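Using the sequences and the hints given, assemble the complete structure.
Residues 30 to 303 in the working numbering are what the sequence shown lists, from first letter to last.
The set of hints was computed from the structure by calculation and includes no laboratory data. A couple of the hints might just be wrong.
SDA-like, lysine to any residue: derived pairs with alpha carbons at most 25 Å apart [said to hold, decoys possible]:
hint	residue 1	residue 2
1	Lys111	Ala204
2	Lys226	Tyr272
3	Lys226	Glu277
4	Lys226	Ile187
5	Lys111	Gly71
6	Lys111	Ala302
7	Lys111	Gln299
8	Lys226	Gly239
9	Lys226	Gly279
10	Lys226	His206
11	Lys111	Val101
12	Lys111	Leu222
13	Lys226	Pro183
14	Lys226	Ala275
15	Lys111	Arg196
16	Lys111	Arg233
17	Lys226	Ser172
18	Lys226	Ala114
19	Lys226	Thr257
20	Lys226	Gln287
Cβ-Cβ distance ranges computed for the label pairs, FRET-style [said to hold, decoys possible]:
hint	residue 1	residue 2	range
21	Ala114	Ile181	13 to 21 Å
22	Asn294	Ala212	41 to 49 Å
23	Arg175	Gly223	19 to 27 Å
24	Ile88	Arg283	34 to 42 Å
25	Arg107	Glu209	27 to 35 Å
26	Ala275	Ala114	33 to 41 Å
27	Ala302	Ser199	39 to 47 Å
28	Ser199	Gly279	27 to 35 Å
29	Ile88	Gly279	38 to 46 Å
30	Lys226	Ala271	23 to 31 Å
31	Arg157	Arg283	36 to 44 Å
It should be emphasised that the depicted structure is a prediction, and the values quoted were computed from it without experimental measurement. Backbone N, C-alpha and C define an ideal beta-carbon position, used for all residues, glycine too.
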Amino acid sequence: MAIDGAPRAVADGRLAPTARYDSLRSALRSSPRVLGHPVWSGAYAVALAELLDAAQRRIGGSAYFCNVHMAVEAVRNRVLGKALARSEWVFPDGVPLVAALRLLGQRRAQRVAGMDAVPDLCRAAAARGLRVFFYGSDARTLSALRLRLSVIAPDLDIAGMISPPYRALSEAEEAAHLAEIEASGAHLCFVGLGCPKQELWIARNRARTGAVLLGVGAAFSTTAGNMTMAPAWMRDGGLEWAYRLAQEPGRLWRRYAQTNPLFVNRLLRQLWAR
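What follows is the structure, encoded as structure tokens:
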């Protein structure tokens, strides 16, 4: 199902101001629920504007980019489900979520994908003079990311980058990382630890840094140029999963084989029960 009208980029930082941040939680609560999770059903540009508006005021918050895998995992993992329920933003990252929203009556819903949002937010942050932090991935990817951002957003103020170890952190290590993020004065903190690790990290720490925390997964690699994005026709046609499966078959085949049928089954049951 093609999703038309979703912007591929935001060229500069001139994004419209949005409603008061203290209304965002209630706005999300009134959003349509997909598999029981409230999901943003507005326009891509407005989503970025809200994130930047909250970031500029350094009042914190959490933003998740929800795809089929996350939606199904949040049903099976109650802690993840609670994290989504308590977030300020849960965006539809992918055609299946947007298609579900439209089937639920939200005809104007647009895709808000992390892979699009990271470079666009960085460009807009540079225009607004906002500082950004990157937490996650490995040192090589972060180095490539810094180099790439110097090209696509040359005025961007990168407040810091941390590549945490893959093992579980001690309380002292996590506290030290949070202190570094807070001390950096970052307005936006992109978190790339993979799902559900990044969402649970954000849920624990969403009020501890002053920055808006965004779980963006593989967007570190795509923005850095280490991983190619699917062609536009595949993304718009709901075939991005097939492109990614071809890139990483060993890691993704089991996930897709399990979560895609479950998503369709649960969505059909939800639509039938309306």
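TODO: Decide if the proposed pair is consistent with the structure: lysine 111 and leucine 222, CA atoms, cutoff 25 Å inclusive.
DONE: 19 Å, holds
Task: 36 to 44 Å as the expected CB spacing between arginine 283 and arginine 157, which holds or is violated - done: Given about 42 Å between the Cβ atoms, the range holds.
Open item on the list: Hinted pair, alpha-carbon criterion (25 Å max): lysine 226, isoleucine 187. Please report holds or violated.
Closed with: 23 Å, holds
Task: Given pair status - alanine 275, lysine 226, alpha carbons within 25 Å - done: 24 Å, holds
Task: Straight-line alpha-carbon gap lysine 111 to alanine 204, limit 25 Å - done: Given pair lysine 111, alanine 204 holds - Cα atoms ~23 Å apart, limit 25 Å.
Open item on the list: Next pair to validate is lysine 111 with glycine 71; report whether the Cα-Cα distance is within 25 Å.
Closed with: Between lysine 111 and glycine 71 the Cα gap is close to 22 Å, so the pair holds against 25 Å.
Task: Distance restraint between lysine 226 and glycine 279, which requires alpha-carbon spacing of 25 Å or less - done: The given pair, whose Cα atoms are some 20 Å apart, holds under the 25 Å limit.
- [ ] Mind checking the alpha carbons of lysine 111 and glutamine 299 for me, to see if they're no more than 25 Å apart?
- [x] 20 Å, holds
Open item on the list: Is 23 to 31 Å respected by the C-beta to C-beta distance linking lysine 226 and alanine 271?
Closed with: 25 Å, holds
- [ ] Just tell me: holds or violated, for the beta carbon distance of arginine 175 and glycine 223 against 19 to 27 Å?
- [x] Cβ of arginine 175 to Cβ of glycine 223: about 21 Å, so the range 19 to 27 Å holds.
Open item on the list: Tell me if the beta carbons of alanine 302 and serine 199 are separated by a distance inside 39 to 47 Å.
Closed with: Taking Cβ atoms as reference, alanine 302 and serine 199 lie about 45 Å apart, which means the hint holds.
TODO: May I ask you to test the hint 38 to 46 Å on the CB atoms belonging to isoleucine 88 and glycine 279?
DONE: 42 Å, holds
In this structure, the hints that do not hold are numbers 13 and 21, in rising order.
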